[in-house]
Amino acid sequence: MISLKGLFGEKSAPTAGSLTSGFTSRTTAIVVVVLFATTILASAANLWLSPDSPLYVSTYTITLLGKYLCYALLALAVDIVWGYCGVLSLGHAAFFALGGYGMGMYLMRQIGDRGVYGNPELPDFMVFLNWESLPWYWLGMDQFWFAMLIALAVPGLLAFVFGWLAFRSRVTGVYLSIMTQALTYALMLAFFRNEMGFGGNNGLTDFKDILGFSLQSDNVRVALFAITALMLMLAYVLSHFIMCSRFGRVIVSIRDGEARARFMGYRTERFKVWLFVYSALLAAVAGALYVPQVGIINPGEFSPINSIEVVVWVALGGRGTLYGAIIGAILVNYAKTRFTAIMPDGWLFALGALFVLVTVFLPKGIAGFIEQRVEAMRGDSGSGGDGGSSHKQQNAEGASA
Amino acid sequence: MFANVLSSWGISVKQTRQLIGWVFSLSLLLGSSWLYAQQSIDKIESTDNYAVAISADVDQLFKDLAAANLREKSNIITSLDQQSGREMLPVYQAMLNGELYYDKESLQLYQVKDNDQGKESVYSVFSGELVEGQTAKGLKKVRVNNKLRKQLRGSIARIQLLFGERAERQAAAQTMLDNISPETLALFQDAAENESDQEIRDLLAVGMAMNTVATASATEERVAAIGVLSTRLETPVRNQLMNLVDKDSSGEFVEQDAAVRAAAESALKEIDGKIRFYGFMEKLFFGLSLGSVFLLAAIGLAITFGVMGVINMAHGEMIMLGAYTTYVVQLLMPNHLEWTILVAIPAAFLVSGSVGVIIERTVIRFLHGRPLETLLATFGISLILQQLVRTIFSPLNRQVSTPDWLSGSIELNPVFSLTYNRLSILIFSLVVFAILMLVMKKTSLGLNVRAVSQNRNMAKAMGIKTERVDSMTFGLGSGIAGVAGVALSQLTNVGPNLGQSYIIDSFMVVVFGGVGNLLGTLVGSFSLGVANKFLEPVTGAVLANIIILVFIILFIQKRPKGLFPQKGRAAE
Chain A
840 MISLKGLFGE KSAPTAGSLT SGFTSRTTAI VVVVLFATTI LASAANLWLS
890 PDSPLYVSTY TITLLGKYLC YALLALAVDI VWGYCGVLSL GHAAFFALGG
940 YGMGMYLMRQ IGDRGVYGNP ELPDFMVFLN WESLPWYWLG MDQFWFAMLI
990 ALAVPGLLAF VFGWLAFRSR VTGVYLSIMT QALTYALMLA FFRNEMGFGG
1040 NNGLTDFKDI LGFSLQSDNV RVALFAITAL MLMLAYVLSH FIMCSRFGRV
1090 IVSIRDGEAR ARFMGYRTER FKVWLFVYSA LLAAVAGALY VPQVGIINPG
1140 EFSPINSIEV VVWVALGGRG TLYGAIIGAI LVNYAKTRFT AIMPDGWLFA
1190 LGALFVLVTV FLPKGIAGFI EQRVEAMRGD SGSGGDGGSS HKQQNAEGAS
1240 A
Chain B
81 MFANVLSSWG ISVKQTRQLI GWVFSLSLLL GSSWLYAQQS IDKIESTDNY
131 AVAISADVDQ LFKDLAAANL REKSNIITSL DQQSGREMLP VYQAMLNGEL
181 YYDKESLQLY QVKDNDQGKE SVYSVFSGEL VEGQTAKGLK KVRVNNKLRK
231 QLRGSIARIQ LLFGERAERQ AAAQTMLDNI SPETLALFQD AAENESDQEI
281 RDLLAVGMAM NTVATASATE ERVAAIGVLS TRLETPVRNQ LMNLVDKDSS
331 GEFVEQDAAV RAAAESALKE IDGKIRFYGF MEKLFFGLSL GSVFLLAAIG
381 LAITFGVMGV INMAHGEMIM LGAYTTYVVQ LLMPNHLEWT ILVAIPAAFL
431 VSGSVGVIIE RTVIRFLHGR PLETLLATFG ISLILQQLVR TIFSPLNRQV
481 STPDWLSGSI ELNPVFSLTY NRLSILIFSL VVFAILMLVM KKTSLGLNVR
531 AVSQNRNMAK AMGIKTERVD SMTFGLGSGI AGVAGVALSQ LTNVGPNLGQ
581 SYIIDSFMVV VFGGVGNLLG TLVGSFSLGV ANKFLEPVTG AVLANIIILV
631 FIILFIQKRP KGLFPQKGRA AE
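Protein sequence lines correspond, in order, to chains A and B. For the numbering used here, add 839 to where a residue sits in the first sequence, where the first one is 1. For the numbering used here, add 80 to where a residue sits in the second sequence, where the first one is 1.
Watch out, some of these pointers could steer you wrong.
Said to hold, decoys possible - Lysine to any residue pairs mimicking SDA-like chemistry, simulated, CA-CA at most 20 Å apart:
id, chain 1, residue 1, chain 2, residue 2
1, B, 199, B, 177
2, B, 641, A, 902
3, B, 641, A, 1011
By construction, these hints were calculated from the structure, which means they are not laboratory data.
Using the sequences plus the hints, can you model the full thing?
Here it is in structure tokens:
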């Protein structure tokens, strides 16, 4: 904990607001430790306990947890651009899905001649469409390293081009949100087409194995879950590091007053573009980890509502705090799993109400609520947290303006 | 078409021609006696079996028809063709559909078909009225075979061409163009003599010219006929000309006469030019039609966004509510389906408008000055509204019927027609736009709205109740969305996702046109609509959509505030 503080805390000036207060560094450590412990315990409970034991964690639960962690990583990506830079992206599911398609293509090639049509080269849907050979963009996707490179490079490049075009011409606020939504909508339409060569409506599915290990085996599922947790931890620490760096401070200043930051000589669009690309890469990693765990990727993942759902996870958890995004993603998705099992029709009502209630009554989310509590406790014990809290207030106001 | 139908039954064109030729030679033979019969009709006492005055001859023929075998029937029909006119049409049609029955005792003919409740009932064969007290039990069907059906179709076309209403005559002539033969030619010549309508006479002349081109031997005659054809846009004309300039498999021209070929080529060029022009006009019309839908959907959004800076993600659901209001109004007044639309327009305005006001009062008011949060909250509302409609009306699509005065189309020529519903929605959208412009420019509400949109604080200082203006504006924008829903219910199915499919396009229109500028919305929606329809045939519908989205993203680079940005102090 102390070492973490030393790593990230030194560069920041003491009056810089909530981001670099000891509280955040400590939460980073807490998050990492909690994630680590959960992963180890859940994996161990699955692998070494007998199914009769009350503490046994079923493989289904492990996969579910893995899925939640992928969502958490996606929420983290959205939080980084929205919470820290004020860029509300309603199209992050596009990067998520593109990453997922990259992984999906690799898994598709791994099926080999075990498909329904038994063609060693072509995936089933291409045989079905009477295609003669692999399209050029499928070449090389049977190599894991290359597929992963593409799964990251394509969303990253898209984010770079889109961000560069949008931020350069100072498209901000609601305009930008609508444009990102249009982006994911356009991609959804495109991927629904059979001619695109990504399986059209059905997407990519029926995967068999990854790197030679069967996707059905418990060990592989636990490993995927553990890797997801590891990636989330890495992303969290890296994001914390970035947000505490000089770069991160410029980002926050852009959020609170872009014109001022620009007048001070910062090329704000460059900062925003690189942050956007970073965030898109995180989303792509989440997507790539998501696909082998759920076993399917289809164009529905691009649908605008998915992206907006991510935003509400972040809003509920509390934007501008990295751990808030994770809490929000896990809470909402857990609720969704439970709710759709009990009352399928009610879920959209609940989700809609959540949107309205969170924005009206809980603008800073659960994390904001917790921080308020902690501040209040500190205020009671008189340990001089006043300066920090007034800064935080300013920040929050700036973010909401 | 005639020939196509027959050949689909395995009867060749040649056989058809033989048959028709046979029918006509018989009819020519009997033609003179028909004239004679016409004169003597007064003398022959008419029977009242059929509630229509028919001659005893015809009555006798009917009796024969009931009892005859298939070959005799064919002769009887030929005789009937000679002896009567238009009144025979329902008999032929009933016979063609296998609905003609006869009483075994009296040999009286009846039509038997299912009534509205799906129960078999007996109708008078001429008037189509229900015959009380007569059951289908004692009746026997007048049997027909394919050969007879073919003959009946010919007879029906002949009756329609000679005695039909104007539209019937036109349709019959157009159908017969598909299969011009010496026999149809005789009929055409017959019809042309009695035809008073210029348009149909032209059509008949086309048929005759087609025959001339096909059969005449003199070059001048054929070239002249091609000259007549070169002004026409009918498909059979074009097909015939194409055949004239075609080469056969050995590379030789099918048509030996070079002069005829040259004439056909220039005629084709002329026709193709015209078809291209009308194709262009059609695309333009579809584009404008799509634009009018965009306009209706986006205009309410432009108001709320322009004035309050609020993006209402539930705007699409306001459209959906309007469409469902139309559906409910239709359920409430099933006996006046013609006028439901007129009732639905104000009803939808009120329903969507009041829902809009409620949303503004209960949610949006508290999120003032936080546009991104408003976006999220209204998105939540849209989810709730969608699910609500799904729960109440089921997730399935609902059908809203189109009144008669909105269905059908104006057919300007064979390749270009305007459908009434699209045309009226185009006009309707412009009317709504004009009314809204008037409201914004000429009423005190409009003045207040403009004042608040330009400088909220100053307006407040001048005593304008900005909160009230906000509610009214939101209500107005939502109400117009509801009206858009009424219009859309005439074009597409009414379902819970109706609004969603238009919301992104509407946003694009608003962003493209420039926020807070109604004129920009007008130009934006029509140009996007037209661009979409012109791209569609080249790239396919989905790719056209994508190209337009990419174009707008690039356009925003050049003009971040849209086509018509707000000027002066209103712009930050």
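Any hints this thing doesn't respect? Which numbers, in order?
Violated hint: only 2; rest satisfied.
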